[in-house]
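**Student:** Residue numbers (this note's numbering), protein chains in the order written: chain A, 1 to 194; chain B, 1 to 194.
You may find that some hints are simply not true.
If chains are identical, the list can't say which one is meant, so a pair holds when it fits in one copy or spans any two.
Heads up, simulated BS3-like pairs for lysine-lysine below, C-alpha to C-alpha not over 27 angstroms straight-line [to be verified]:
no.	residue 1	residue 2
1	Lys21	Lys115
2	Lys47	Lys115
3	Lys2	Lys47
4	Lys21	Lys2
5	Lys104	Lys134
6	Lys167	Lys104
7	Lys81	Lys21
8	Lys102	Lys36
9	Lys47	Lys36
Source of the hints: derived by calculation from the structure; they are not laboratory data.
Given next are the chains, with one letter for each unit.
There are 2 protein chains.
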Amino acid sequence: MKRLYETILTEGTVINDNVLKVDSFLNHGINPHLMKEIGEEFADRFKDENITKILTLESSGIAPALMTSLVIGCELVFARKRQSLTMIDNLISTTVESYTKKQKNTISVSGDLIKPHDSLLIIDDFLANGQAAKGLIDIAQQAGSSIVGIGIVIEKSFQPGRSELEKQGIRVESLARIASLTNNQVQFEEKTCL
Amino acid sequence: MKRLYETILTEGTVINDNVLKVDSFLNHGINPHLMKEIGEEFADRFKDENITKILTLESSGIAPALMTSLVIGCELVFARKRQSLTMIDNLISTTVESYTKKQKNTISVSGDLIKPHDSLLIIDDFLANGQAAKGLIDIAQQAGSSIVGIGIVIEKSFQPGRSELEKQGIRVESLARIASLTNNQVQFEEKTCL
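Kindly produce the complete structure, drawing on both the sequences and the hints.
**Tutor:** Rendered as structure tokens:
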């Protein structure tokens, strides 16, 4: 994912030692061609798995998850942070604390949409402390579905998300791993990728 | 969009005279192949316009907007209902009342992402009273961008959204137009499409 690394360097803005702003291409503005490459890359990394459904969380997970689901050819379900008038019964819910927004959300998925026979690939835009990922894992487990792994667009590897997920036996695939944001600089884990 | 009509009939659930549940394929679960056809149809309907960017609203607008942006080959921006820690300055905001959720939201777009030279196609999942569409129009106008039109996946044509938008001189293209949801039945405007 050379293009993702390059886009992070050219368009990303380090807000502080913990927060990287990628609003122009990932979670406010979206570059559809980059997103298509992201979907192809996730599909390739999990090509040996029999994925029946993609699970993500609104809103920033939807674009990479949709592109992945299009390449794989399976449906996508996004957990909702707010219930609409049409989410009225058979809900599976859990609580997630947002790292960047400093608030707790109840996230929910209709039990009609994920089932015990489903093999889920979880996709999200960022992995930091792993709160969102753990919430999605909890929902998948409540539904009785199996989880083939988690695909992350940008991992902040200096935060403990990955190790906590791996402790649970979950395979984590991140397309870009950021080792540090100190001194207003993005430092990747794998320098050779550029 | 025969496939969209068929999917509405086979998978949609009429909740009451005003609310159609399409959670399984449009705004909770997403069928990526249907969504791709939706993107191709919007791109075709607006093919004579010089669109520079797609504007939508999180969360349910993102999937059809992303597929449209992929076909057209332009970027996508989704207005946010909640501000993240990275949306810190140069925000364009307006207030929108959600019909299904019975609540008011401030929606915001970074002024860095839509500009006076942009020609915007606005995409959303539903058109009912036109509140979300009017909010997106307001944001586009505050940015000084021009608007080529609005693409809607499902229009409830028994509600006044279309007429209010057309009064403002906005072109509205809906892929499915529902004339009535009374007696627990979906009645389309154009019966010949099936």
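**Student:** Indicate, hint by hint, whether the structure satisfies it.
**Tutor:** Hints, verified against the model:
{"no.": "1", "hint": "Lys21 x Lys115", "result": "between (35 angstroms within a copy, 19 angstroms between copies)"}
{"no.": "2", "hint": "Lys47 x Lys115", "result": "within (21 angstroms within a copy, 40 angstroms between copies)"}
{"no.": "3", "hint": "Lys2 x Lys47", "result": "within (20 angstroms within a copy, 32 angstroms between copies)"}
{"no.": "4", "hint": "Lys21 x Lys2", "result": "within (19 angstroms within a copy, 41 angstroms between copies)"}
{"no.": "5", "hint": "Lys104 x Lys134", "result": "within (13 angstroms within a copy, 30 angstroms between copies)"}
{"no.": "6", "hint": "Lys167 x Lys104", "result": "within (23 angstroms within a copy, 41 angstroms between copies)"}
{"no.": "7", "hint": "Lys81 x Lys21", "result": "both (22 angstroms within a copy, 18 angstroms between copies)"}
{"no.": "8", "hint": "Lys102 x Lys36", "result": "neither (30 angstroms within a copy, 35 angstroms between copies)"}
{"no.": "9", "hint": "Lys47 x Lys36", "result": "both (16 angstroms within a copy, 22 angstroms between copies)"}
Hint compliance for this structure: hint 8 alone is broken.
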